[in-house]
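First to last, the sequence lines map onto chains F and G. Remember, this note's numbering sits 665 above the position in the first sequence when you count from 1. Remember, this note's numbering sits 58 above the position in the second sequence when you count from 1.
Note that these hints are calculated values from the structure, not bench results.
To give a feel for the contact side, a few chain G residues facing chain F, derived at Cβ under 10 Å:
1. L220
2. G224
3. N225
4. L227
5. S228
6. V231
7. A277
8. L283
9. V284
10. M287
Sample of chain G residues lacking proximity to chain F, with all beta carbon distances greater than 10 Å (derived):
11. I150
12. K194
13. P214
14. L261
15. P267
Idealized CB from N, CA, C, for every residue including glycine.
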Amino acid sequence: MDYGLKYLGAGIAVLGGIGSGIGEGRICAHAIDGMARNPEASSSIRSTMILGCALDETTGVYALIIAILCLFI
Amino acid sequence: MSTLALDTSNILELDFSGEMIMSLITMLVICILSIIIFFVFRKKDPTKPDHGFAMIVETSVEKVQNLVVETMGRKYEGFSGYILALSLYIFICFFLGITGLPNALTSLEVPLSIGLLTFIMIHAAAVRKNKWRYYKRYTSPLAVFLPINLLSMWAPLLSITLRLFGNALSGYVIMSMLYYYLELLSSVIFGSFMFEGLSSIWLAPFITPWFHLYFDLFAGAIQTLVFVMLTMIWVSQEDPDESIEEGIALK
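Chain F on its own, in the form it takes in the complex (with noise of 0.2 Å):
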């Protein structure tokens, strides 16, 4: 019983991840919006960019964490 809802718990935790998916896919948007408008400043705004995702990405580590966490402790 304690096996299999520690299994639960860990798939409910990485839930998070959709919040940080949708973040990711709103920065690629506009990232792409405004290399669209305006190309000369592209590299700029593609470093700035993947930085995003990066400080995006966080809210879905931690939500991996706290998976792995259920998982294995």
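Got chain F; can you put chain G on it based on the hints?
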């Protein structure tokens, strides 16, 4: 999966788990690299143009200096040595993950101590700027907010530590799962016409390098950049360099 144990009960005893040994190996690699750079640059003639190894080193040092000056302003030019050392350590930690051994950052103590360095540096910059008025921030806007401010003080430390730790750990867990299942799949496919022990090694060498490329090199470079950028932004916003707004610091 014994390396995943986050056991803090024996935190005061000497711990020589795999991650600690990998941290020592990382430091050894950085030491050897530094000694090589020292001897290369002692022999070099400064009037001649660089090529090969010396050029790579000079370009990367220059890039880091430019990044620091652009982000923090002229006042912080001396900060680039710390930033270079920090980024070298984090990136080589991730880079040594391509050997398949656990990356040193997968043990919570290593990212926590790097995060503590940043945390102490932020507050040191704030104290240096504001002197005794530094303590006023904990009772702003009202004295009632003191407990909330005392709690939110720890947020940068938590976020910067868990970001590094989570990225390293998730990459390592996914890679070890991949190795385990590829071994299983290989022994199912090749098990019928090979003897035990030889049949399980045929798939991993062709599939895992691409995942190592992503989880160790790409993610490592991005996380290094993020960590370094956050450190620079947080430190410089406590004690800003006024010239950066006027565009003097920017080339």
